[in-house]
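Participant: Keeping their order, the protein sequence lines are chains A and B. Per this note's numbering, the first sequence runs over residues 1 to 538. Per this note's numbering, the second sequence runs over residues 539 to 1076.
If you're looking for bench data, these hints aren't it; they were derived computationally from the structure. Quick caveat: nothing in here was measured; it's all calculated off a predicted structure. For each residue, glycine too, the CB sits at the ideal point set by N, CA and C. Possibly wrong hints are sitting among the right ones.
[Claimed, not checked] Chain B regions said to be covered by chain A (calculated; three or more residues, Cβ under 8 Å): (1) 649 to 663; (2) 807 to 817; (3) 826 to 835; (4) 871 to 881; (5) 932 to 938; (6) 1000 to 1012.
2 protein chains.
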Amino acid sequence: MLGLMMDRALSLPSILEYAAAYHPHREVVSRSVEGPIFRYTYVDALARAKQMAKALIDLGVKPGDRVATLAWSTHRHFELYYAVSGVGAVLHTINPRLHPDQIAWVANHAEDTVLFFDLTFGDLVAEIAPQMKTVKTLVSLTDREHRPAAAPAGTLVYEELIEAQTPDFVWPEVDERQASGLCYTSGTTGNPKGVLYSHRATVLHAMAMVQPDCFDLGARDAVLPCAQMYHANAWCTPYGAPMVGAKLILPGRQLDGPSICELAQAEGASFVLGVPTIWIGVLDHLDKTGGQLHVRTVAIGGSAPTASLIDRVEAQMGATVRQIWGMTETSPMGVINTPLPEHAGEDPAQSTARKMKQGRGLWGVDLRIIGEEGQRLPHDGASAGQLQVRGPWVSSAYFKNDGAAAFSDDGWFDTGDIATLDAEGYLRLTDRAKDVIKSGGEWISTLDLEDAVCSHPAVAMAAAIGVPHPKWDERPLLLVVLRPGQSAEPEVLKAHVAERVAKWWTPDEVRIVEALPIGPTGKVLKRELRDQLATQPA
Amino acid sequence: MLGLMMDRALSLPSILEYAAAYHPHREVVSRSVEGPIFRYTYVDALARAKQMAKALIDLGVKPGDRVATLAWSTHRHFELYYAVSGVGAVLHTINPRLHPDQIAWVANHAEDTVLFFDLTFGDLVAEIAPQMKTVKTLVSLTDREHRPAAAPAGTLVYEELIEAQTPDFVWPEVDERQASGLCYTSGTTGNPKGVLYSHRATVLHAMAMVQPDCFDLGARDAVLPCAQMYHANAWCTPYGAPMVGAKLILPGRQLDGPSICELAQAEGASFVLGVPTIWIGVLDHLDKTGGQLHVRTVAIGGSAPTASLIDRVEAQMGATVRQIWGMTETSPMGVINTPLPEHAGEDPAQSTARKMKQGRGLWGVDLRIIGEEGQRLPHDGASAGQLQVRGPWVSSAYFKNDGAAAFSDDGWFDTGDIATLDAEGYLRLTDRAKDVIKSGGEWISTLDLEDAVCSHPAVAMAAAIGVPHPKWDERPLLLVVLRPGQSAEPEVLKAHVAERVAKWWTPDEVRIVEALPIGPTGKVLKRELRDQLATQPA
């Protein structure tokens, strides 16, 4: 027997419609690529999204078509989030940090028909246009005045498309399971794989995200995502903020410390998010200028923050840090480190140990860890295994069924992470499966080694990798980049690590290097390090 | 093109599974009908819900069957919420305040097969058992020792059913649109009508309810619903609290001021909810005893609180009041009065005026007001019309298609309320459609008249009704009950009202009465008043 409740689809346009109807004066503020700060309301944004929806239909975009962007976090990108999904098409947010060949590859793989690109990418688009087999229409995300000279002939101008339309548009009804977005994971091995979001998954994710124990967002907030809108939809804040009538602050292309500090202060940001390097940049800027920035919450994810970064953010920004773990495949919210009431009395050491964990599950995301024989491991905080997840905002497959091995027969997604879960439900990553060091038949956590050395004040960043060893199969090598102006002897750092990890985990060598290779999502490319070392004598 | 995200059903058992896995130590505390306080964890509750699920299957309960309760807010009722819906059956929570004939009528209309009842209702069940045509199994919600003598022969004992089972049970997969609960609205006209909830609607409602601008619930909270579990599922808190790992405090049958104060204090309640009369009882108790009770938030709904009640709650309980409006048909969340950041600077008079509004819409619930010619009225705070709502947790029809006139052809539910909406999205009820006073072709708001007279310190409660008038069709009559020990002349009260409403709204007569007739959900039965007055000379 079915219930008798309205069968209303969970659709993305309903979010912007809500914000315009119930929070008509709330602003969306965007640092434009042209330069100035742009500012309007959700009412204006909805009107322009509807104008763009009509323009897309006039351009021949059909339901299911993929429409690509090469774009920073701006109000125009925000409009496309709703306009493209709203007409039943699929917004493919391409990461412009990919190699040009890879950009063309993903555009071809996705069979994109239209490409919207920011001013910054005029040259890039001119270079790769011949390689893109399916893109029929290019649109420059600017006005006539700023149209980039480098763009290929026939490139349309976004503001002209908008101006040609009136905002009298009614969103078509969608099946909530319809695809709404496409985002490729820039895997460090193999070709990128496409995550195909649905309206339903994204709405449910936004609903879960705003709850008090997750991002804790309401109409009182001003949300500044310092993750680009091509990174897992800026962690879905362009959906979560309007859903609750929060102000949305889009930082354009500038994620450097000075730009973020200026924008956050000027616009009264209460909630900010981003990868650890963003906050290092912000804190270094504050140190240098003696400036101050206060926000309520700093969400940190993408890679694990060090204890010293968490401490600095909390001390210097008067903020609470909420570490999150997630992936493009989890929309991205997997777990979040929000304290429980039980933690009110924890001492500083306990507090630091807890904050270093990635977080706890929210309703909706199930987690399990699987041992080497495929058995389910206990949630004892010690047993490390492959982390698998499932839930209504987790991928069930990659686009065109690539990488099918990541999806188990019984309905779980294998994250490629090695992790522990403890009795309180806290997830702690110990490694990426492909980066794990296996020494004497046991795993050594590269993340623990990196955390240990990063707690030394002279260390800026570190990467532990396994190097072949005749007796133990592999032994850890720890590569360290020092902070500017700091010095430390490798043996001192080794001793520092030895005090903090199991004896047999202590790396055989700590090596100080100038820099580490960083990939397009800001993570250290360990495979590249291993390849380099394999061809160089130690 | 469909998205590639996991097709996980939004199911009610997943909520309790989550709470047990991620908040294993969090408590459910219940004032038992036998007397003592009962206390256990979500882990225990899940185990017992699974035992009860197996017992239901052994009793022959099949998916789609209706299983009824005549029960207060206790841990056993909580277990049935999950056990019954979890096996695919439908939990029919009967309001025991209905007349016995009506209880038998709804049990027959629902075709209930099993009836679980609290100790309190042994005599009642014995009386109506012969009238209930479909109920095959009676279960007393207690243990062997407390089994009520009055219960019919063959009545089973809840704790014996639990003890006979082990908790090794896996919830069957459900279609999320499957019916999960049935709750009859005790309309003041005609037979009660059944609202048939689904897993999906209830999960979505719980997700919306916990957000910061609604009930603002997280693991830090202790939630005490002072609405019975047969009233729109205690406003869905038995789902919302475990979804976020909040402590749940169930008050049993005792909703009097002393009992609530004692329980809330002893268990550290942070969030409480209930109809206005509950808080009058609590405040009167605090006045009498000089006691103190502090909670973070008091949600008030069911009927509109007076300004003086809101002020008293905020002053004496150190709490923020969040007025809500909703109905059984809206699960029940329709709107909630959470301040916007714009309200930070409002003066006391503005603050009171805002707080007297029912609230603003959250994402998910669409609202519109319809004029007498079926036209959509502007959201100007002045135009009053029929309030219609739609959303994924709003009824699409009543059980067995009763009362079909309330559902519009274009997919909206007509609430039967007359209301205004303002430009900020605030809903303000002016009347129930059936209680409206039409005088000289214009509507007079009975709620406004009642609010006006209730702002006089001597007044406890009031009801405005229309009485026939030869020239104006109807004129308002205001019936007033004074507070114990207070006195006030009718003409003084009339003058008090006249200062606060439009001149032509001022009632022709204010009449002081001993009491007003109250229905099973705590609302004044105005139809009964009109009938009484029609047969009595003024």
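Participant: For every hint, state whether the structure bears it out.
Facilitator: Evaluation of the provided hints:
1. For the stretch 649 to 663 of chain B, the assignment as covered by chain A is violated, since 0 residues bring a beta-carbon within under 8 Å of that chain's beta-carbons and 3 are needed.
2. Counting residues of the stretch 807 to 817 of chain B whose C-beta sits closer than 8 Å to any C-beta of chain A gives 0, which falls short of three, so the coverage hint is violated.
3. Counting residues of the stretch 826 to 835 of chain B whose beta carbon lies closer than 8 Å to any beta carbon of chain A gives 0, which falls below the threshold of three, so the coverage claim is violated.
4. Only residues whose beta carbon comes within less than 8 Å of a beta carbon in chain A count, and the stretch 871 to 881 of chain B has 4; three or more means the coverage holds.
5. Coverage of the stretch 932 to 938 of chain B by chain A holds [criterion: at least 3 residues with CB-CB distance below 8 Å; count 6].
6. For the stretch 1000 to 1012 of chain B, the assignment as covered by chain A is violated, since 0 residues bring a beta-carbon within under 8 Å of that chain's beta-carbons and 3 are needed.
The earlier numbered hints that this structure contradicts are 1, 2, 3, 6.
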